[in-house]
Amino acid sequence: MASIWQFRDHIHQSGTPFPQEILDATEGSPLLAQLLANRGLRTPDDIRAFLNLQDYQPTSGWALPDMEPAVNRILKAIEAQEPILIYGDFDVDGITGTSVLYETLKKHLKANVSFYIPDRATEGHGLNTAALVRLTSSRKLKLVITTDTGITNFPEVSLLNGLGVDTIVTDHHALPENLPPALANINSQRLLTEVDANHPMGHLCGAGVAYKLCEILLEKSMPADEAQRAAESLLDIVAVGTVVDMVPLVHENRWLVYRGLQVLNRRQRPGFNEILEQAGAKADAPITSETLGFTIGPRLNALGRLERADQGVELITSQDPERIRVIAAHLEFLNRKRRDLCDQTYLEAEAHLQKSGGLDDKRAIILASPDWNPGIIGIVASRLIEKYHVPVFMMVVDESKAEVRCSARSIPGFHLHDELLALERYFLGFGGHAGAGGFALKLDRLEAFKRDLHQICQAKITEEQMRPSVEVDAKLVWSQVNPHLLTLIDKLAPFGMANPSPKFVLENVNVAAQRFMGEDERHIKLVLANPNGQKGESNTPLEAIIWNFGRKERFDARAPYSFVVVPGLNSFNGTTKVQLIIEDYKTDQAARLSTETQNAPAIEPAQTAVQPAKVAALKPEVTTIVKTVPSQAESESQPSGPQWIDHRGRESIDVFIGQLMLPLQDQRSVLIYHEGKKPDIPFLNESLLKTRTQLTPAQELILWDLPPSAESFQALLKRVRPEVIHLVGGKYQSVPIFASEQNYLKLIVQILRRGEESQVLEVPAFASQLATTEAVVTHGLMLLEKLNLLESCVAETGNLQKLQVRLLPQNASSQEDITRRLEYAVFQQALKEVGKFRAWVLKTPIATIKSTLNASILSDFVLNSSTALMASAINYEPGSQPEVSAPV
8 MASIWQFRDH
18 IHQSGTPFPQ
28 EILDATEGSP
38 LLAQLLANRG
48 LRTPDDIRAF
58 LNLQDYQPTS
68 GWALPDMEPA
78 VNRILKAIEA
88 QEPILIYGDF
98 DVDGITGTSV
108 LYETLKKHLK
118 ANVSFYIPDR
128 ATEGHGLNTA
138 ALVRLTSSRK
148 LKLVITTDTG
158 ITNFPEVSLL
168 NGLGVDTIVT
178 DHHALPENLP
188 PALANINSQR
198 LLTEVDANHP
208 MGHLCGAGVA
218 YKLCEILLEK
228 SMPADEAQRA
238 AESLLDIVAV
248 GTVVDMVPLV
258 HENRWLVYRG
268 LQVLNRRQRP
278 GFNEILEQAG
288 AKADAPITSE
298 TLGFTIGPRL
308 NALGRLERAD
318 QGVELITSQD
328 PERIRVIAAH
338 LEFLNRKRRD
348 LCDQTYLEAE
358 AHLQKSGGLD
368 DKRAIILASP
378 DWNPGIIGIV
388 ASRLIEKYHV
398 PVFMMVVDES
408 KAEVRCSARS
418 IPGFHLHDEL
428 LALERYFLGF
438 GGHAGAGGFA
448 LKLDRLEAFK
458 RDLHQICQAK
468 ITEEQMRPSV
478 EVDAKLVWSQ
488 VNPHLLTLID
498 KLAPFGMANP
508 SPKFVLENVN
518 VAAQRFMGED
528 ERHIKLVLAN
538 PNGQKGESNT
548 PLEAIIWNFG
558 RKERFDARAP
568 YSFVVVPGLN
578 SFNGTTKVQL
588 IIEDYKTDQA
598 ARLSTETQNA
608 PAIEPAQTAV
618 QPAKVAALKP
628 EVTTIVKTVP
638 SQAESESQPS
648 GPQWIDHRGR
658 ESIDVFIGQL
668 MLPLQDQRSV
678 LIYHEGKKPD
688 IPFLNESLLK
698 TRTQLTPAQE
708 LILWDLPPSA
718 ESFQALLKRV
728 RPEVIHLVGG
738 KYQSVPIFAS
748 EQNYLKLIVQ
758 ILRRGEESQV
768 LEVPAFASQL
778 ATTEAVVTHG
788 LMLLEKLNLL
798 ESCVAETGNL
808 QKLQVRLLPQ
818 NASSQEDITR
828 RLEYAVFQQA
838 LKEVGKFRAW
848 VLKTPIATIK
858 STLNASILSD
868 FVLNSSTALM
878 ASAINYEPGS
888 QPEVSAPV
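The sequence shown maps to residues 8 to 895 in my numbering.
Mixed in with the good hints, there may be bad ones.
Cut-off 16 Å, straight-line C-alpha distance, at most; resulting in silico cross-link-like pairs (EDC-like, lysine to aspartate or glutamate) [claimed, not checked]:
hint, residue 1, residue 2
1, LYS857, GLU730
2, LYS369, ASP459
3, LYS114, GLU226
4, LYS113, GLU89
5, LYS457, GLU410
6, LYS584, GLU550
7, LYS449, GLU431
8, LYS843, ASP378
9, LYS857, ASP653
10, LYS482, GLU514
11, LYS685, ASP661
12, LYS449, GLU410
13, LYS149, GLU89
14, LYS449, ASP405
15, LYS289, GLU803
For the record, the hints were derived by calculation from the structure and aren't laboratory data.
Here the structure is a predicted model, which is why all the values come from computation and not from measurement.
Construct the complete structure from the given sequences, taking the supplied hints into account.
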């Protein structure tokens, strides 16, 4: 369904000029005035305050309710060296809030303090009763300080009171009807309800609230200049929590991020530096709010989603280089696993949806499975909304408890929390807001709940709400897309919630060249041309990128398009130029905006004394690409993709494939995908056997083995580009789908011992040798290292694909039960995921596999432009890697 493009401000888009006093405040730029008006800034004073962030006067933390009793109690505990516990949530806001409190109390104030972050899977959100009882006993607690959690935990705080433990709640979530009986409840939302609905600190995140408390503790305990330096050193942590938790970047939040980015760019915190290095970021690249949201944030979040988040606090607050390196490398592994897991779950969700008849006339997607990870289903729900634009409810079935846990995401106009209140009778627990929520219910009530939920969605959600929309700031003419435009945009930074990166419309544009890029070619890079340039007007081609595009569509070089773009800068071979991030596009005929905005004029270039300045490179934003449905003629003209032939379940499949190969290999190019021990196929021509590292194009692809993951399956099809796919899986008639963990560990050691005692290990090649995923290899090596069977380190800085591995002498057999180790559980899960995917491929109808994997491969993906033109236009040499940073 095509999206609607709506301008944020209607008054001046209609051509009404800005008053001179507004233009004076915006350096004479109508475009800058428009961007500010779109963000609600329409008076000279508001505009000057927004543009001169360095002059902002931060608000005192004393304005937060209950601050005084909290400060007095903490200072008393520090003086008496009473045991203090910081209890934080497991998301990035909780991790950063805990880090701020822990570093302040431990490093600066020398308190007797420890911290605890609950396990998402077993303990859930909020204060956990069993954990509190255990910690109170083992750590002899006298004071508990929460961060980013606790405001709804009335029974748990009452329990602590009964145990003789004082509680200080610091939080920012929605206030309950009755606050918990804590010694202090410091919650930024209390400012909105008790003081001023527009209070500048009313939207602080959990880390922001913790910072305001720590700032006062430092002021009360240290000389003024020392306290100021100590507080400033915490701002980098606060900036990460503020951006990633997606609170509005206005007033106090915007200032905290502005100052925090200044601290971050001094590169003084080893933990953040190591995260960026492990992620492959350039050492001299400026750190922006986009860096926090799309590089640092996802890696910290992966901890709380897949493991315990305690290591995140250790990484941020530690000064131990070796420990920091180890944790940051583990975060990089986990982030890759998170992406793989999200991709696999997304494919499974799509398969579930199609199996149940697709969306059809339903106005919500409700899916449940016992196999999904509760830590990532919210991400998958958001991805499904991008495609279908209806509320999505992703549920994990816990059969052992006969319960269902759900993570839900909604669309504008359907207030998730308010609508679900009508179904509160079903819930064991429930929380959320307009756009997201979560709940649990009994398994035996699931079908009745789904029926009632569908009825509510059918009654409340309109066709208009189901149509996606993109808010844009203004139209641009071709000549306005230049470095000076980036100078104007940079005046609005930092970007985030309530202050998004500006989006512009470029109309009547041609695609001169295009190529796919990225490790699995999921992104596409375009060269855009101006077909109607007037004499004397700049007609320099523009580079553009669409993230997560996939090989789904082709651009017609003869057709004009309209694009929604976010301008940025890209550096390549020492040259910096404008690069556009495309968020949406339409054919020129389809690009008709809604009635009230379609005649909006482009803002004329400003005549100002401001000279173009060097602008910090804007990192790419994660984008939602809403594509128009091609016409029937367009669809029929496109290739239909490879033919699939199903050989699964055939008896004597090895003999059949051997007989098939004899005539086939003489007439067609053939590739047999197989990894591991050579298959026993009669008349086999072994030169046709290829692993994932040896793939070449072929007309016939025989899948004797099955790829270990959805991503590797897609990469295989894109590399081979077959006309015919023979789905066989014959290997698994003699090899078990689900491998034994301990046997697999022995196999890893056996293969390593065939080489030198110390060797450089290429992770992708080793994964191919083992016929598994890179996640299995990395977690297997980590487990073996914990068992003192080997030592490993990164062979090349920043290259996690190449490890230096040294086998250690085997000691006498240990009596340790390795299955109790966390590393064993992670390795076991990674290995199980490989088996689950292969089992899915073996039993799933081909039609579902095709639609799920998007396996229709186009053989000619560059239209009406030669390879030479493309290489010239986008500074690309065959075999080189593009100089761009894809979002995580």
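Results of checking the hints against the structure:
1. LYS857 - GLU730: holds (14 Å)
2. LYS369 - ASP459: Status holds; Cα separation ~13 Å.
3. LYS114 - GLU226: Cα-Cα ~15 Å, so holds.
4. LYS113 - GLU89: holds (13 Å)
5. LYS457 - GLU410: holds (14 Å)
6. LYS584 - GLU550: holds (9 Å)
7. LYS449 - GLU431: holds (13 Å)
8. LYS843 - ASP378: holds (9 Å)
9. LYS857 - ASP653: holds (12 Å)
10. LYS482 - GLU514: Holds, because 8 Å separates the two Cα atoms, which is no more than 16 Å.
11. LYS685 - ASP661: holds (12 Å)
12. LYS449 - GLU410: holds (4 Å)
13. LYS149 - GLU89: Answer holds: LYS149 to GLU89 is near 6 Å, not above 16 Å.
14. LYS449 - ASP405: holds (10 Å)
15. LYS289 - GLU803: holds (15 Å)
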